[in-house]
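Peer 1: Now for the letters of each chain:
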Amino acid sequence: MAVDGVRARTATPVRRILALGGHDFSFRPPDRAVCELLLRLAGERGGERPRICILPTASGDTSDQIAGFYSAFGERSCETSDVSLFRLGRRPMELRDHLLAQDLIYVGGGSMLNLLAVWEAHDIASILSLAWRQGVVLAGQSAGAMCWFEAGITKSSGRPLAAAGLGLLGGSLCVHYNNEPERRAAYLDAVGDGMPSGYGLDDYAGLLWEGEGSPSAVTARRGARAYRVSRREGDVAESPLPARFLPAPAPAALREDIAEFRRIKTMRKRAGWLG
Amino acid sequence: MEMATRQIVAFGGGGFSMESGNPLLDDYVLGLTRAERPRVCFLPSASGDADHYIVRFYRAFSAHRCEPSHISLFRREQGPSDLRRHLLSQDLIYVGGGSVVSLLGVWRAHGIDSILREAWESGVVLCGLSAGSLCWFEEAVTGFHGEPKRLRGLGLLPFSNCVHYERGAKRGEAYHGFLREGMCGGYAAEDGAALHFTGAELSRVIASRPQARGYRLDVTGSRVVEMQIATTYLGDREAVPAAPLPEALSTAPAV
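Protein chains in written order, with this note's numbering: chain A, 7 to 281; chain B, 3 to 257.
Excised from the complex, chain B in its bound form (with noise of 0.2 Å):
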């Protein structure tokens, strides 16, 4: 039986949410689909489905591009009634951000989180931003709500992940501080940055933005080692597609 690729491709912030006007990462993550016309379904579950939100996504992903839908669990009434057969029909899922708590919360009350992880098997692209970038991994460090905290996320990337991973952010610090406490070794990206994952294996990393930069981060003893991650600018024409990752920054899971 043929596998379907599993992509995920994990924002540390950008997109129609927070670069609008700066369509390039939200452009990449369509061309990844390899349909004409994506079907591309919007989870705002981690803004509690704020309606400025999703018209927000409904303007970006608009309909002579893409066939776009989402899903409201606070208006279910109003959605496709069946999730998982909606989910499993799209070509790109698009999560976008907020509360990261709050999405896994919602998501495990209604069964999304074993859809989304069916979906993904099947070779749906998943993607998302800050929380929607958070919840792909098996750890996370959120710093929504007062101090940077670690929190358990879907588990389908093998990794920790932190976003807007600026320089001199609090939860860069905190990052550290958690994987010298045990937390598995993992990712971050800064804003305008994207991680790529085919399968469980970090295939590139892309930029909105030509300063924006990926991390690798693992712990030798007790020492935190981060590296910065060669990443592809998608605003430079001559950007040579899928620049393979040097070896040392392969992506074997820290045990």
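Next up, chain A with everything else stripped away, as it sits in the complex (with noise of 0.2 Å):
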């Protein structure tokens, strides 16, 4: 098969993922800061154009979420796509092959419950983990985060609860840190009692596994934390990690608007004006 240099699979693909506490799909700067980390993830498997697929199936394949998904990411230089679970019936595809043939799989937020199971009933789970060996990055937020753990703490069902997920990676994950106090207390509670150690995300901090070894902790936005949650000694401590912030791209308009002063700025240079 003809691939290019950037397609081209190594023997062993890195295997990354990147956790996300929570982010919308606005055009707010920690927003478009979250969308640029995952079009350079993307990009670094493929290429110029690298293709991201989002998978709303935790929110019910709502419109909102795939709207949101592709107003982001419908302009910039990707080639963007949808698996609805649920919208099949009226545009079928062979999700196999397409989700294997992506550069990037997005999991939105929504119900992890429901996640699961749909995923469960249409025997997804094993392609995406054949995707994640393959290379493919696997991110998303909140549900969407959680569900590469052993276990997060959600609110599917009404309060927050415990909850298995596909254990792609050790350990557990809490969402919305800081934005749910209850579901944070739910988590210190379930690690007191046993669930796997893991790590709690405010909305727009991130954790990202690319390989072997510890994650780096990422933030689209100042004050924005990801947490080490452990027990130790009977207790359960919270100990902050450093992250590497992410500033926000300027937005598309004022891109251009930059470029133009740019080219404006290097003509007169050119010109001798400007010393």
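Keep in mind that the hints were calculated from the coordinates and are not lab data. If a hint is listed, it holds; no wrong ones were tucked in.
FRET-style restraints, in silico, Cβ to Cβ: (1) 238(B) / 33(A): 50 to 60 Å; (2) 80(A) / 201(B): 48 to 58 Å; (3) 55(A) / 168(B): 37 to 47 Å; (4) 201(B) / 96(A): 31 to 41 Å; (5) 126(A) / 23(B): 37 to 47 Å; (6) 61(B) / 176(A): 47 to 57 Å; (7) 227(B) / 126(A): 33 to 43 Å; (8) 86(B) / 255(A): 48 to 58 Å; (9) 200(A) / 110(B): 23 to 33 Å; (10) 126(A) / 67(B): 32 to 42 Å; (11) 126(A) / 157(B): 16 to 26 Å; (12) 110(B) / 176(A): 23 to 33 Å; (13) 136(A) / 201(B): 43 to 53 Å; (14) 253(A) / 65(B): 47 to 57 Å.
We treat Cβ as the ideally placed atom computed from N, Cα and C, and that holds for glycine.
Fit chain to chain and form the complex, with the hints in mind.
Peer 2: The following block contains the structure:
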């Protein structure tokens, strides 16, 4: 099979997962910063026009979530698609081929319980696990972040409860750490009661696993943090992790203005107008 | 102890989801409850709890004729917290269409499958179209996505089921194939036709369109026998209520 330089697979692709504590697809700076990171991760595998696919299963495939995704990525340099398991009737596709052909698979938030149940019913979990082993970046926020771990804290049944995930990553994750005190409290109790230790993620904080070893923390909003949460001498300890700040790119319209300004500046320089 | 009447009405297709302006099937299931202001709960799980679908339900089952509610399993924080209590207190549970595979997965995750069995046994009328019809049976033919597939339902009715059984549809051919491969015998219904079961017996086939029909399918040896079932068109004012079925169509489960 003919492959270009970027798409050629090394013998053992790096397994990457980006877990996000919570974000939106808006055009506010922290949201743009998150999307920029997603695009960069996809591009590292897929080159100039990486393939990015959203799985909006946890929301019940709401058009809001799907539209948000397309508005964030539709105009960027990437091939976007969505796999809406509740809408396959109107738009049949080969799930396995489609998912394995992606550079990044993004899982939206919603009900973690329903997400995993529907994936199991459609046999998606094994495809995602294979995609991960083949180097497709797996990413997601909220339910779409916790699903990759052994366990998470979900409000799928109303109040926060522990739920099992796919277990691609060891340990547990709790999302919306700063925003939902009752979820955080349930997590600390659960870890105290024997749930595997793990991480807490504020909205706009993320953890990136690349290959073996510890994840690196990122944050798209000042003050948003990632925490290591572990049992220590009968108590549960939270320790914030040092995080790399993700700057927000200028919005598209502004980017054009800046480019224009730079062009003019260069022209002036050449003409000797500016020193 | 008196056993409650267990009733399921399985639409091949129709009702407010598919026949806007034709309330015949929806009126029929409301009538079965024998309640003055029946409590009706809509389960839109097969659609992923699509907002527009829920809105259409509330339009069709407006508060002046019944007490409507719905359960969104994707937004549990908003609905009734005790699902079992809410479902068991209904007169009618109406299941919407969509992906039956997703429907069954989500129901199991929330324990709805066993609650629905309990509701049925306690006399709550169960109904639905498409995925909301297939789910009640032992086995079903789903054509929602790609080639028709065979799948296991909740098994309240010990038969197989196929919906949208229109002439020349791919799933009809597939259904016959599955029956030859050992799928249990069962029923098919065209859009606009509905199978009304009392206990595990088919009591009648009703229709919201004059031409819509239901079918009984059985296997003898390697041959599939398909019989059209006498159907009562609900729009006909002279329709004889509860026309008895010929003996040949009675519903002993195929072994």
